[in-house]
Amino acid sequence: MNPEEELQQDVAALRRGVDLQLWRRLWSFTKPYRRNVRLLAVFALGTALSDTGLPWVTKLVVDDLTQPDVARPLWLYALLYGVLVLTLSGSVLGFITAGSRVRTGVVHDIRQAGFANLQALSFSYFDRRPVGWLMARMTSDCERLSNILAWGVLDMVWGGTVMTSVTVVMFVVDWRLALTILGVTPVLALVSRVFQRRILASSRRVREQNSKLTAAYNEGIMGLRTTKAFVREDESATEFGALAGAMREVSVRNALQSAVYLPLVLTLGSLAAALVLGVGGGRVLAGVIPLGTLVLFLSFSRLFFEPIQELARLFAEMQMAQASAERVLGLVEAVPEVQDGPEVRARLAAHAGRPLPDGVAPDGLPDRIGEMRFEGVGFTYAGGQRVLHGLDLTVQPGETVALVGATGGGKSTILSLLCRFYEPTEGRILFDGVDYRERSLAWLQQNLGIVLQTPQLFSGTVAENIRYGKLDATDAEVHAAARLVGAEDFVLALEDGYDTQVGEGGGRLSTGQKQLVSFARAVLKAPRILVMDEATSSIDTETEQRIQAGVERVLSGRTSFVIAHRLSTIRRADRILVIDHGAIVESGTHAELMARRGAYHSLYTQQSLREGASYSTVIS
Amino acid sequence: MNAHRSPHEGHDQQTLWGLSAGQRARYLAALAAMAAGIALSFGVPLVTRAAIDGPLASLPRAPLAPPYATELWPAPAPGLLELALERRTFLQEVGARLGLDAGGQLWLAGALLLALAGASGLCFYLRGRLAALASEGLVRRLRQAVHDHLNHLPTPWLDAADTGDLVQRCTSDVETVRTFLATQVIEIGRAALLVGLVTPVIFHLDFELACVALALLPVLVTSAFLFFRHIKALFQRMDEAEGRMTTVLQENLTAIRVVRAFGRQEHEREKFAAANAEFRDHHVRFIRLLGRFWSSSDVLTMSQLGLVLVVGAWRVREGALSLGTLAAFLEYEALIIWPVRQLGRVLAEAGKAVVSMRRLREVLDVAEESDLEGAATAALPALRGALEVRDLGFGFAGGAAALDGISFRLDPGQTLALIGPPGAGKTTLVQLLLRLYDYERGSIRLDGHELRELPRRFVRRHFGVVLQEPFLYSRSVRANLVLGMPDVTEETLCESTRAAAVHEAILEFPGGYETEIGERGVTLSGGQRQRIALARALLKDPPILVLDDALSAVDTETESRILEALAARRGTRTTIIVAHRLSSVLHADLTLVLERGRIVQAGHHADLIRAEGPYRRLWEIQGALEAEIERDLQTAAEPGGRA
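Chains as they are written, first to last, in the numbering used here: chain Y, 1 to 620; chain W, 621 to 1263.
To be clear, the hints were calculated from the coordinates, so they are not data collected in a lab. A quick note: this is a predicted structure, and the numbers were derived from the prediction, not measured. Just so you know, not all the hints are guaranteed correct.
Unchecked claim - Chain W side only, calculated, beta carbon under 8 Å to chain Y, not exhaustive:
id: 1; residue: 675
id: 2; residue: 729
id: 3; residue: 737
id: 4; residue: 742
id: 5; residue: 752
id: 6; residue: 763
id: 7; residue: 775
id: 8; residue: 854
id: 9; residue: 889
id: 10; residue: 896
id: 11; residue: 914
id: 12; residue: 1054
id: 13; residue: 1056
id: 14; residue: 1102
Every residue gets a Cβ at the ideal spot worked out from N, C-alpha and C, and that includes glycine.
So here's chain Y without its partners, still in its complex pose (with noise of 0.2 Å):
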């Protein structure tokens, strides 16, 4: 989904109406606050009946000084104009305090909830959603939905109270004067919702575009090199210009209705006004109410036309979340492809809570992995593409199995699936004969060991990035694993040694100090199946030979699967499958394949011409 098609859509949801099945859906998330949220419209309440009530104070002390029968002690006034903006202060604290937790606690809530699901989320999930979106959803659209959830309850509550309760005071005091100032209202009403509308559309139209600049500078900077190696800094600035401007059109458009819709209310408001002071004057002349009662219906023209823009507002940008509303619920809603069925859920209660005897797993089966066998199968991918077909394969316990072929043969496919990253769409995977859906995904995971071809490590220390493949490692066990993978040296190089900070995502380290530490990390881990990725590129050959020794011995009585580009380093595995097109065209050790003079044979020939062509110069 293209940011240009989401920008689509929340225009589009401001002509559709208030959705209230969706808003009840997120509605459900205030249900801890449910307190707060009474205290929340107790206190709007309150500020709402003083903000009616001040006006009417200025009306008493107008009747006082018009009518001289009327002379109360001016203090009275003092003390109930005070009175009312202690209460009206008193409110706005009061909402504002328990609103905060309304506020805080539902995108912490949301956010959390949408965050454990991401964690059960299948990677079918994540291959159709990049970083970039899931971040957005994360944050700024849940900041978005909780500010409407909570402070909207505030406008609602507060603007309702304030129209009812000068609507009611209108009609008591005057009814004429009433029905005057709320003619106009449908009017303002109207302007009001046109407008805000407008401008929330436009205002997101200028927040797609300030993304698109940020992207450029972005790309602006991380591509300079490329940029000044092509010599076409001139065209970036052409092309930024364009950028630059059509943010200039957009933000001007948002200025502009902001700039005619203000002064059009205030025009409304004197509209009210000039009315009130014509038909009200001349009552106030013909002596059917007193000066106060008209001085009272001036503030009220202006206090009653607040709330309107407010609820304009609130259902304008009401309408303009929902797409982005649907989008996070369908974050926390979506259910996994790939998890634990009923009945290994049902064994996982059964065993929970009660300590496990030696060698059974949390599932109820044997804490063990021999055997494992690929039977017929297939993967396919949900936008149709087969990537895999008719794999039948037996790995023995112990066994090391190289994956080679060209990019895109269906090798990462393998082992995704394996990992149960995804899971067969046809045929079946056995440990043990068990098929591994009937065996729990975390008892799977626990067993696993990965090294990806890009290295990925978390903020914080070294050690910690080490530990993460065991988190109660003692600092001797962090120490070794670092040492058996040849990376202790770059380590106690750094300045602070294991406790060096690695920065955001590993970036204070270069890519073969952040494939040591993933190596490490794995390493410390112990698993029972290794999985490696490509992880020996971008690492000088020196390096690379070091890893090499490390690894030979991890792998030793561990079950291991390898990808690599570099035959060599694979060829002592002891089976290797050539993969092409989603399938195994060879596979055998690496005797056998040089023997049968096929696919491995020619890849196989292809890098030692290069390289065998030279050497025999030497040894001859």
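Fit chain W to the known structure of chain Y by using the hints.
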């Protein structure tokens, strides 16, 4: 107009003042429109006052008869407000002339209110429009200036800079400046105009009450200013907490495979819960502090209004003030008190703009790369790619020498290979050749011309570079390829992608050559990126091609295909290959082994493996494998009987 600025333009153009050229008239007009709008809106309370003191007070009705007599009015003041402040209000004057009775005069007052509101509304619209055009126009130039400046910054400066921080300056700091220009300048102007215009009017109306009416305003502004300055620290802590939460989230999503593979979902959930809760707690504290401020400033604001009401009422009762004047005072107070209440906050926020502008200036003040386009370029012949480096030395600021005493010669069409451990200076040498860095000692001659005397862009046009982690723009594959050659034929395009062994891969993308790369399109593997970047460089067909460890993520079979295709260029095009694997450098005419910035070995492969040294050591590491390979080949050959 394309706002592109020539890199040699003076830096004084880049101050806010310099950038505002062309927008200043608009700003002034916006201020004028605002002043007019405010002046007009000041008429409203005067109309109300005239209505109350005029038609509404003039009728002799017992209960409503005003105790305050017209003789209590001070003598009519001359000048601006004369009409409004006459004994008989102007409504009565005008009404009488038009033959209106009291009721008619009130309708006249209503019509005046509406007209004033309409006219001031028009002024405020103009203000909004002009201010938006001015500020957005200015910011657009600022954005362009920052962007273009970045494009011309010297590479060493950029290498030392923190990318995230730089992007932050380009985006949020510019945004802060924008907010300042679009709203704060106007807000400050508005509050100043309001207070400036209201003060004389209300002092004219009633001196004592005017003193009361302004009594709490300084307290209000000062307390708001102090509060918002103080809250900045808290805000920053909240911001940092949010940043930590976002980092946990981002890292988790990026490394989701690691999380799953290690079964660390629960650990991650706890880590996120802690960060999430920390942010929530900071956020709550922040909102609550705001709540305390708003409620206490409400007390101040409303007290100010109440003070005017009660003191004013007392003065009316004393007979020192007319009721209409009190009503006008109340309206004026309401008119100025809200903008003034905001002023403290606006002033505090405006401080941020100063900081942001300073941060932007730090970037804008960095000297741009000099010598981009020389005048003599046209006179120079196209380069053939002969390279002579003599006693070259270079060091990064504050660091040890990155390159020292480098000398070699390369004829056009020859291949140079650079190998050595990370940090040996291989990439630095490449950067020097491209004039991305400037060398300090020694000489580099390109076709006999001293490199530093050739304009930078001229030099770069003769190079094609592929980096280990090549950068692709987030646009279509085709757009990325034709960077070097805008009007290239389809045939040439495919030729270069075939040579880079990426043509088939591109065709398999959902949109073929039109497929978008990056967040909005396909995510490419490291190998695919490298191969597309190679095709891009080949398409440019430069006299000198540089592969800076550019095939590290390409599988062996593909790599050999690529090297074969590159071999076809031998003899006509100079090639420089930086590599870790010896296999990529075997055919080089000259191989340099670098260590710690020095050449430790140089020569052809055949010579290098005979000499004692790191090349041979590397070769033996790889050679031990090769020996086995050779044996395997023999073994494999035997059963078949022929090799």
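For each hint, the structure was consulted:
Below 8 Å, beta-carbon pairs count as interface contacts, and residue 675 (chain W) has one with chain Y at about 7 Å; its hint therefore holds. This hint holds: residue 729 (chain W) has a C-beta 5 Å from the nearest C-beta of chain Y, less than the 8 Å allowed. The restraint placing residue 737 (chain W) at the interface with chain Y holds, with a minimum CB-CB distance near 3 Å, inside the 8 Å limit. Interface restraint check: residue 742 (chain W) against chain Y, minimum CB-CB distance 7 Å, threshold 8 Å, status holds.
Look at residue 752 (chain W): its Cβ gets to within about 3 Å of chain Y, closer than 8 Å, so that hint holds up. The criterion of a C-beta within 8 Å of any C-beta in chain Y is met by residue 763 (chain W), whose closest approach is roughly 5 Å, and the hint holds. The criterion of a C-beta within 8 Å of any C-beta in chain Y is met by residue 775 (chain W), whose closest approach is roughly 7 Å, and the hint holds. For residue 854 (chain W), the interface hint is violated, the least distance from its beta-carbon to any beta-carbon of chain Y being 13 Å, above 8 Å.
Given hint, residue 889 (chain W) at the interface with chain Y, holds; its Cβ is 6 Å from that chain's nearest Cβ, closer than 8 Å. Hint on residue 896 (chain W) holds. Least Cβ distance to chain Y is approximately 6 Å, under the 8 Å limit. Interface hint status for residue 914 (chain W): upheld, as the beta-carbon distance to the closest one in chain Y is roughly 6 Å, under 8 Å. With a least beta-carbon distance of about 6 Å to chain Y, the hint placing residue 1054 (chain W) at the interface is held under the 8 Å criterion.
Interface hint status for residue 1056 (chain W): upheld, as the beta-carbon distance to the closest one in chain Y is roughly 6 Å, under 8 Å. Because the smallest distance between the Cβ of residue 1102 (chain W) and any Cβ of chain Y comes to about 10 Å, over 8 Å, the interface hint for this residue is violated.
Comparing the model with each earlier hint shows violations of hints 8, 14; every other hint is respected.
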